[in-house]
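Protein chains in written order, with my numbering: chain A, 1 to 114; chain B, 1 to 114.
Calculated directly from the structure, the hints in this document are not laboratory data.
Mixed in with the good hints, there may be bad ones.
Said to hold, decoys possible - In silico lysine-lysine, DSSO-like type, Cα no more than 30 Å apart, as pairs:
1. A:Lys101 / B:Lys24
2. A:Lys101 / B:Lys78
3. A:Lys101 / A:Lys22
Model, not experiment: these values are computed from the prediction.
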Amino acid sequence: AQSVAQPEDQVNVAEGNPLTVKCTYSVSGNPYLFWYVQYPNRGLQFLLKYITGDNLVKGSYGFEAEFNKSQTSFHLKKPSALVSDSALYFCAVRGYTGGFKTIFGAGTRLFVKA
Amino acid sequence: DAGVIQSPRHEVTEMGQEVTLRCKPISGHDYLFWYRQTMMRGLELLIYFNNNVPIDDSGMPEDRFSAKMPNASFSTLKIQPSEPRDSAVYFCASSLDRGSQPQHFGDGTRLSIL
Numbered sequence: 001a002q003s004v005a006q007p008e009d010q011v012n013v014a015e016g017n018p019l020t021v022k023c024t025y026s027v028s029g030n031p032y033l034f035w036y037v038q039y040p041n042r043g044l045q046f047l048l049k050y051i052t053g054d055n056l057v058k059g060s061y062g063f064e065a066e067f068n069k070s071q072t073s074f075h076l077k078k079p080s081a082l083v084s085d086s087a088l089y090f091c092a093v094r095g096y097t098g099g100f101k102t103i104f105g106a107g108t109r110l111f112v113k114a
Numbered sequence: 001d002a003g004v005i006q007s008p009r010h011e012v013t014e015m016g017q018e019v020t021l022r023c024k025p026i027s028g029h030d031y032l033f034w035y036r037q038t039m040m041r042g043l044e045l046l047i048y049f050n051n052n053v054p055i056d057d058s059g060m061p062e063d064r065f066s067a068k069m070p071n072a073s074f075s076t077l078k079i080q081p082s083e084p085r086d087s088a089v090y091f092c093a094s095s096l097d098r099g100s101q102p103q104h105f106g107d108g109t110r111l112s113i114l
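Using the sequences provided together with the hints, build the complete structure.
Rendered as structure tokens:
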């Protein structure tokens, strides 16, 4: 079965420090991987995706993610966190298993402290 | 690009009443998705359409829920009769395909059933 795990409910980081939000997945075949961000009272917004090619993917607002096939991970990173990055982050996987439905993780709340 | 538009943004009604949520997808997007978000269960896919045809409604919780897409620019999600446990934020999303393209979410309808 297809699944995605975000092992941390919450990540706390000081402004200016690097941040990492973790994601691991399980899917048959080659996965399509996505990160979304949700701000209060808003819908999910697409940040970046991995389809194929370079394992390091760059996205919106200075975020990037690294695809690691051997560890089945797709961690979200940013070199220098901003207070405005505080939000709920969702990892999602889409694969052939389950008819190409997108499976979302439970979400990780990021707090960036000034 | 106006984005995905949902209405109403907030709905408060009494148990037993019929509730209708509305969605206008992004023009040209062939796929439309309805999700429900709660603290306990996270983001759940209820149903999705391709070219106005329902493809997978396995996530619809019970017969009280129904969804239609009469044309490419409009979809409804109806709950009849509503129950307090239906209280949640309901999101509509659309995408160009179900493969490599991301989903674009509306800002949701916050539904409270008293």
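Tested hints:
1. A:Lys101 / B:Lys24: Roughly 21 Å between the alpha carbons, so the hint for A:Lys101 and B:Lys24 holds.
2. A:Lys101 / B:Lys78: holds (22 Å)
3. A:Lys101 / A:Lys22: holds (21 Å)
This entry satisfies every hint, going by the numbered hints stated previously.
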